[in-house]
Amino acid sequence: MREIKVSEITEALSKLCIEANITLSEDMKKAVKDAADAETSEVGRGVMSTLLENLQIAETEDIPICQDTGMAVVFLEIGQDVHLKGGDLTEAVNDGVRKGYTEGYLRKSVVSDPLLRVNTGDNTPAIIHTSIVPGEKLKITIAPKGFGSENMSKIYMLKPADGQEGVKNAIVDAVIAAGPNACPPVVVGVGIGGDFELSALMAKKALTRKTGEPSNLPHIAAMEKEVLDRINESGIGPGGLGGAVTALAVHINTYATHIAGLPVAVNMCCHVNRHASVII
Amino acid sequence: MSEYKITLPMDETMAKKLKAGDVISLSGTIYVARDAAHKRFDEALDRGEEVPFPVKGAAIYYMGPSPAKPGQVIGSAGPTTASRMDRYAPRLLDLGLQIMIGKGRRSPEVIDAMKRNGAVYLAAVGGAGALYSKCIKSSEIVDYKDLGAEALRKLTVEDMKLIVAIDSEGNSVYEIS
Chain A
1 MREIKVSEIT EALSKLCIEA NITLSEDMKK AVKDAADAET SEVGRGVMST LLENLQIAET
61 EDIPICQDTG MAVVFLEIGQ DVHLKGGDLT EAVNDGVRKG YTEGYLRKSV VSDPLLRVNT
121 GDNTPAIIHT SIVPGEKLKI TIAPKGFGSE NMSKIYMLKP ADGQEGVKNA IVDAVIAAGP
181 NACPPVVVGV GIGGDFELSA LMAKKALTRK TGEPSNLPHI AAMEKEVLDR INESGIGPGG
241 LGGAVTALAV HINTYATHIA GLPVAVNMCC HVNRHASVII
Chain B
281 MSEYKITLPM DETMAKKLKA GDVISLSGTI YVARDAAHKR FDEALDRGEE VPFPVKGAAI
341 YYMGPSPAKP GQVIGSAGPT TASRMDRYAP RLLDLGLQIM IGKGRRSPEV IDAMKRNGAV
401 YLAAVGGAGA LYSKCIKSSE IVDYKDLGAE ALRKLTVEDM KLIVAIDSEG NSVYEIS
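In order, the protein sequences belong to chains A and B.
The first sequence begins at 1 in the numbering used here and counts up by one.
The second sequence begins at 281 in the numbering used here and counts up by one.
Only chain B is shown next, with the shape it has when bound in the complex (with noise of 0.2 Å):
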């Protein structure tokens, strides 16, 4: 097991350096997206739009925050289960998205995909909202605002304590352990 500070974007060479079990610190732009925001992204591909992010390199978080109360940047701000997205996720991973970030386990669709486009999920504790939230610097809605908690946001986010729980190779920490 090894720890990394990793400030974003990430180059393809690190994200293969990673390996299942390794803690991250994460500094950087990450974007927010959960259920809706996916089924949207989703609709817009089979539409022939492009995604309304750059998902080329990008970082998605799978989160729904609760709402930010008068000073706050946002609030409690945990990871959200990661496999009511595996439906979506390949599709994204073959356009370049490389880290993903939530809990649980993955389909092996998705894991197949990961492999192809050398991405890694990594796993946020589940139920550790409140500490999440302090270490998000900014946050802004993207777009999707109708979806309320489920809109897509753009955050920076300054040593995030994230753990690999499934690397390139496809070695999940969820198997190992």
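This is chain A alone, in the form it adopts within the complex (with noise of 0.2 Å):
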């Protein structure tokens, strides 16, 4: 049994929010620079060499990457031999998040009620998903998410006789639906099976995964290929505006489901997809 005060999570959050809408990680980096490298439209590439100038001036300068610095996606994966001590986990996470968002003059993005809209102040609450995993540490990932991509993503709920064809359709039309909306070029975090809200959740954790890495399962990682593929054949564009990289990435995580069922969640994010991780 190893103890961990939830004042370490709190201090860890809130140089994690600070750093993630900062400085892009280094895989995110490299798309964004890969794709400006491969757009062949003449407007394309100028968005693109425009994303790169940002993303170099938000470093620099220490401004966030995008007024939109999201609303705080925290997921929490905690080893089986850990006592958490020293507080209430859920108000350490918050307080986190206020700290971060609070110091690193990040945008407070929040409302307290979906209908009655009053701004919390702090970006808080946080979402916050925790799972517990074997071990004896505590891996903190936070993903700070924009609502201009999010607002694009849907949930299907296909028959099981819709198949892969069905399921690779709708990733596709939901990356077009969304059109200039969400930012592109994307990154397309999309869950396939378990149930309705394990679908979406698989989505948003597959927008975590180390940009472009495939996979690990061979049918999955072909998808992955082709749905990326028939995305950039669409010509959506930098911005929307036209060209040959609407996403940089397709990532699919996958789970059991029912008989009757094949749920697939798409979730959309911009170029400025932010995640970063720290292991206590």
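Possibly wrong hints are sitting among the right ones.
[What the hints assert, rightly or not] The calculated lysine to aspartate or glutamate pairs, modelled on EDC-like cross-linking and capped at a C-alpha distance of 16 Å, are: (1) K414/B with E59/A; (2) K108/A with D88/A; (3) K414/B with E53/A.
[Said to hold, decoys possible] A short list of chain A residues far from chain B (calculated; beta carbon distances all over 12 Å): (4) S7; (5) Q80; (6) V133.
[What the hints assert, rightly or not] Cβ-Cβ distance ranges computed for the label pairs, FRET-style: (7) D195/A with K434/B: 43 to 53 Å; (8) Y284/B with H129/A: 41 to 51 Å; (9) E330/B with P114/A: 22 to 32 Å.
Hint data in this document are derived by calculation from the structure and do not stem from the laboratory.
Just so it is clear, the structure is predicted and the values come from calculations on it, not from any experiment.
C-beta: ideal position from N, C-alpha, C; glycine also.
Each of the two chains sits in its own frame; use the hints to bring them together as a complex.
Take a look at the structure:
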């Protein structure tokens, strides 16, 4: 049994919030750079060079990459031999988000009630997904999620008869419908299987995968590649202004499902696909 | 495709001359409003009041900045999705709103109102907020301070790089591309 004080989570998270919003991870930077090199249309190349310049300015001048510094989505993988002490875990996470978003001059984009819509003023509460895993470590991942792309996400409850073709069509349709609104080039997170809510959670989690790293399931890796190619054939392009690069990557996660069902969730993320992790 | 340097206010002839796909370098005064501020505009107009900025001939940037650090004019300041303002835009266009700046497609109702009033919709590059902050030379809150990032602001911009996404005849760069 290992003891971890929840205050350590608060401290780590506040730093992660700032880091994730100012500096894109190396895998994402590379994906944007590669896309800039691969783009063929003139207007698309212009947009990509703007995005590269933006990343540079954000990092050197300590300005958030995008003004939508997101709602804080926090994944906690807690080792089953860890004992958390010193306070309430949820409060510790929210304290970390509050501290990070305040001290980092990040935008406060959260309203306390979806209908009454009063800004909470500190970007809390976070969205917290906790899983218990073997071991005595604690992994914290933050994925600040902007809503320009979140709003374009979709869930499909397909039928088993729709099969692999149906799944591929659904993903491509979602990206084409999102068009310029999701700030292409996008990263597409997909969850196939499970049930209604698990498919969506898998899609969100797929966005935190190292960009462009294929699934370790051969048939899924092949689907990721085929869907990515089809999306890029759409011609939506950077900024939706036309071009060869509409998506940087398609990441698909899967889980067992019911004999009657084929859930497919498509979580759209812009080119500012932010994720940062730390292991305590 | 043409390139123009434009200093606001822009005359009607220039507005009509702009074509979808043209590249613009914009300077002058623009207002900033997004979802919550637009809802308040609408409510004010419903009550028979005026909106708290001179809407005729104005430019609205759909944006909600991140906070300025000490010494900064503004934080990150890129465009937000314009279609969320579609519900409110035709009414403002009929009051003389001339320029909208954002990202993404617009509804047929907004495009009709643009044609009716000779207005243009300009696209900024989504997700380039750090870069856009550099062309903003001043920023002040005009009203709705309680809305935080969604307050109504007035900015002075210099050489803000934009693309004509939809022109006053309703041609769209999102359709021809």
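Going through the hints against the structure:
| no. | hint | in the structure |
| --- | --- | --- |
| 1 | K414/B with E59/A | holds, 14 Å |
| 2 | K108/A with D88/A | violated, 23 Å |
| 3 | K414/B with E53/A | holds, 12 Å |
| 4 | S7 | holds, 26 Å |
| 5 | Q80 | holds, 38 Å |
| 6 | V133 | holds, 33 Å |
| 7 | D195/A with K434/B: 43 to 53 Å | holds, 49 Å |
| 8 | Y284/B with H129/A: 41 to 51 Å | holds, 48 Å |
| 9 | E330/B with P114/A: 22 to 32 Å | holds, 30 Å |
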